[in-house]
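Be aware that the sequence shown starts at 0, since it is given in our numbering, and climbs by one per residue.
Rather than coming from a laboratory, the hints here were simulated on the basis of the structure. Hints should not be assumed to be uniformly reliable.
Claimed, not checked - Keeping only pairs whose Cα atoms sit at most 30 Å apart, straight-line, the calculated DSS-like set for lysine-lysine is:
no., residue 1, residue 2
1, K43, K97
2, K12, K43
3, K97, K159
4, K12, K97
5, K88, K12
6, K88, K43
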Amino acid sequence: MLRIAFASTDQQKVDLHFGAADRLVLFDVEPGRASLVGIGEFIKAEMKGSNKDKGLPRELQGVAHLQSQPYAPAPEDVLPPPDRPPEDKVIAKLDFLKGCAAVYAASIGASSIRRLMALDVQPIIVDNGHEIMDLLNEVSFALHYGGLAWVDRAVARLDKSPDRFDTLAEGDWDAESTALNPTVIHQLITSMDDLA
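Let the hints inform the model, and build the full structure from the sequences given.
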């Protein structure tokens, strides 16, 4: 079983930038089955810089700033005042993702990619609006047959981990940021015959 996260506003499609995401949805996936195990709610972060629109539909790109003027952050946006530590919008998400094998998002910044990889969480960028059920089916199929490199690596790590069952059983969840709903279970494909 692998725990997978999705940056999603509606639990149906991947449609958020990882760093700015105000919601991450967690599923436990095994061959033929996916269970919703949690939803992390975060303070929405406003993205800045040249890549802030990456992954957004064309009609939403540039909406928050003037198209005719290039974006240049103000000095107070770059350096925080001396009495306030720099804000790190990603720390809470990284803590929430401990124990996850992967996170899917419409966009993920280079710094977040490095930090996720350091935690053994595979960052995966997909098209904005990609259906979560399709991605769950892809993981289910790969768990059954192999062939998806990051899934194979994650399974190999699980097989080698001496405390793999303790880690999953502990589930260090914060009740305020996670809404557990064990009744949401999806039947997934494990073979091409399941498509008929």
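To see whether the hints hold, each was checked on the structure:
no., hint, in the structure
1, K43 x K97, "holds (20 Å)"
2, K12 x K43, "holds (18 Å)"
3, K97 x K159, "holds (17 Å)"
4, K12 x K97, "holds (22 Å)"
5, K88 x K12, "holds (22 Å)"
6, K88 x K43, "holds (9 Å)"
The structure is consistent with each of the numbered hints, conforming to all of them.
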